[in-house]
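Protein chains in written order, with my numbering: chain S, 1 to 112; chain V, 113 to 226.
Everything labelled a hint here was simulated from the structure, so no lab data went into it.
Just so you know, not all the hints are guaranteed correct.
Claimed, not checked - With a straight-line Cα cutoff of 27 Å, these simulated DSS-like cross-link-like pairs (lysine-lysine) come out:
(1) S:99 x V:165
(2) V:167 x S:99
(3) V:183 x S:99
(4) V:130 x V:167
(5) S:99 x V:115
(6) V:115 x V:167
(7) V:115 x S:60
(8) V:183 x V:165
(9) S:99 x V:182
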Amino acid sequence: GNSVTQMEGPVTLSEEAFLTINCTYTATGYPSLFWYVQYPGEGLQLLLKATKADDKGSNKGFEATYRKETTSFHLEKGSVQVSDSAVYFCALINQGAQKLVFGQGTRLTINP
Amino acid sequence: DVKVTQSSRYLVKRTGEKVFLECVQDMDHENMFWYRQDPGLGLRLIYFSYDVKMKEKGDIPEGYSVSREKKERFSLILESASTNQTSMYLCASSIPGQALYGYTFGSGTRLTVV
Chain S
1 GNSVTQMEGP
11 VTLSEEAFLT
21 INCTYTATGY
31 PSLFWYVQYP
41 GEGLQLLLKA
51 TKADDKGSNK
61 GFEATYRKET
71 TSFHLEKGSV
81 QVSDSAVYFC
91 ALINQGAQKL
101 VFGQGTRLTI
111 NP
Chain V
113 DVKVTQSSRY
123 LVKRTGEKVF
133 LECVQDMDHE
143 NMFWYRQDPG
153 LGLRLIYFSY
163 DVKMKEKGDI
173 PEGYSVSREK
183 KERFSLILES
193 ASTNQTSMYL
203 CASSIPGQAL
213 YGYTFGSGTR
223 LTVV
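Okay, chain S solo, but in the shape it has when bound (with noise of 0.2 Å):
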């Protein structure tokens, strides 16, 4: 079946670090890839999507590289704000498919 894995959380970083979140999928045939975002108080967000191999979403300066050949999809950053604090949801759909499968979130917090 289809499933989505990250990075134990939660993940405590300074303001301006570099940061990675991980994430590992199982799926059959071909999925798209989402990172969703939930900041305190709120539903979720689509941060960015990526719909085939090698393709790269990008968005509010968080990046991530749909990897097939190692079925990944890390979400970074270069540079992190205090305002990236929130839940970070990793999720795939396979083509056809109606129903997103997630990933269980990571918690960012970023300190001054």
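Keeping the supplied structure of chain S fixed, place chain V upon it in accordance with the hints.
Relative to the frame of chain S, chain V by itself:
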């Protein structure tokens, strides 16, 4: 912008009560979803609806039912609330076949059952 609106941000109910969580979307999406979110467990799908009056069980449907009488509204019903249903509930909608666009989520309802 697509909006998904959940009627309550916070709700406190007593054990045994029948609880209704309401979700409305304004972009004519066919698909609607109910998830619960718990620390360390991520999002777990409770129910999915792909059209009016059509529904499909998700991963954890026990203790829940749903109603979709109109396209824009998807209700989650806790028939007899229990303390283990204390959680954050998230509603989402999407367009069939538009997987590239992902889901649009509501802001969530934090339910406490006492």
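Item to check | Straight-line alpha-carbon gap residue 99 (chain S) to residue 165 (chain V), limit 27 Å | outcome: 18 Å, holds
Checklist entry - CA of residue 183 (chain V) to CA of residue 99 (chain S), is that 27 Å or under? => result 18 Å, holds
Checklist entry - Given the hint that residue 167 (chain V) pairs with residue 99 (chain S), does the C-alpha gap stay at or below 27 Å? => result Roughly 13 Å separates the two Cα atoms, so the pair holds.
Next on the checklist: Tell me if the straight-line CA distance from residue 130 (chain V) to residue 167 (chain V) falls inside 27 Å.
Outcome noted: Since the Cα atoms of residue 130 (chain V) and residue 167 (chain V) sit roughly 20 Å apart, the hinted pair holds (cutoff 27 Å).
Next on the checklist: For a C-alpha distance cap of 27 Å, please report whether residue 115 (chain V) and residue 60 (chain S) respect it.
Outcome noted: Holds - the C-alpha atoms of residue 60 (chain S) and residue 115 (chain V) are around 21 Å apart, at most 27 Å.
Next on the checklist: What's the verdict on residue 99 (chain S) and residue 115 (chain V), does the C-alpha distance respect the 27 Å limit or exceed it?
Outcome noted: 19 Å, holds
Checklist entry - Within 27 Å, alpha carbon to alpha carbon, are residue 115 (chain V) and residue 167 (chain V)? => result 21 Å, holds
Next on the checklist: Need the status of pair residue 183 (chain V), residue 165 (chain V): alpha-carbon distance at most 27 Å?
Outcome noted: 9 Å, holds
Next on the checklist: Hint check: residue 99 (chain S) vs residue 182 (chain V), CA-CA at most 27 Å. Holds or violated?
Outcome noted: 21 Å, holds
When the structure is compared with the earlier hints, no violation turns up for any of them.
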